[in-house]
Amino acid sequence: MIEHILYPLVGERFKTDARYREGHLRVVNALPERRVLGLHSPEIKQVAKLLFSEGGEVFMSDGVHRQCVNGAEVIRAFESTPGGMLCYEETVVWGYLINLEKCPLDERLAMLARYVPVMDNWAVCDSYCAHAKWMARADKGLLWKFLERWFDSEHEFEVRFAVVVAMCYFLDEEWLDVVFRRVDNVDFSRIKSKYKTVKGKPKMAQQGAVQGAEPYYVRMGVAWLLATALAKFPDETRVFVRSSNLPDDVVKLYIRKARESFRTRMVAAV
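Counting from 1, one number per residue, gives the positions in the sequence shown under this note's numbering.
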């Protein structure tokens, strides 16, 4: 797709410093089949902004070179490319382009519906959600209706997407109870994960490995949401957690994140 645009921006340190490269790969923790070039967020954003405003040449999966004149055409090129053929950075660029587009809500949600199933990594999911500032201005009723399908998914990062969006854009007085009820109904047992659980911290980064029960990234996402809610609505969050049906390990993760957060360090989690 656009590796010819991305690769020249990869830092020399990632290419030559094994320890630095190992640290980067450990943080991203992409699945083994997802290639990681080694770019950081500023470089990825730079490419997305350039493609959005000026377009660029993309290499399609059938070998055809396509000249796209703007970001919308690049998005369509991504949509017609099998997701498994994209590298990690390309999947992030795709999401940034969706956020940059100027279009009606229904069109943006249609693009997003084709993008969410490609998410297979916490960094792809979370970077998209954090930069989707249009969600703060969107019709919350329509956006929540869109999220419902992903809360009910059996795929780890589709559910995490819904959880993180709820955390970023729905933790207010109007929606708090709705969010709490929805995360309380997440069926962790039916969510499939491609990540394998390992014991202890490996000396070398093991792509696709986590140190926690499956689906690890959904459990961590819910814990993160609760810790964020605690900072904003401490009384309501404590009441909810005490009466919830959440698994014990999710509650423990929430307490740990609350204690680690500077915003909630002095607030009792339960």
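Since the hints were made in silico from the structure, they are not lab data.
A couple of the hints might just be wrong.
Straight-line alpha carbon distances no greater than 20 Å define the calculated EDC-like cross-link-like pairs of lysine to aspartate or glutamate that follow [to be verified]: (1) K140 / D187; (2) K49 / D17; (3) K133 / D152; (4) K192 / D106; (5) K232 / E214; (6) K140 / E158; (7) K145 / D106; (8) K192 / E148; (9) K140 / D106; (10) K196 / E148; (11) K145 / D177; (12) K133 / E174; (13) K232 / D177; (14) K196 / E154; (15) K252 / E236; (16) K45 / D106; (17) K194 / E236; (18) K196 / D249.
Because the structure is a prediction, the values reported are computed rather than measured.
Structure-based check of all given hints:
1. K140 / D187: Distance ~24 Å between K140 and D187 Cα, so the pair is violated.
2. K49 / D17: 29 Å, violated
3. K133 / D152: Violated, at about 24 Å.
4. K192 / D106: 29 Å, violated
5. K232 / E214: Measuring from Cα to Cα gives roughly 28 Å; hence the hint is violated.
6. K140 / E158: 19 Å, holds
7. K145 / D106: 12 Å, holds
8. K192 / E148: 18 Å, holds
9. K140 / D106: 13 Å, holds
10. K196 / E148: The hint is violated at about 27 Å.
11. K145 / D177: 16 Å, holds
12. K133 / E174: 19 Å, holds
13. K232 / D177: 13 Å, holds
14. K196 / E154: 16 Å, holds
15. K252 / E236: Distance ~18 Å between K252 and E236 Cα, so the pair holds.
16. K45 / D106: 24 Å, violated
17. K194 / E236: 34 Å, violated
18. K196 / D249: The given pair, whose Cα atoms are some 17 Å apart, holds under the 20 Å limit.
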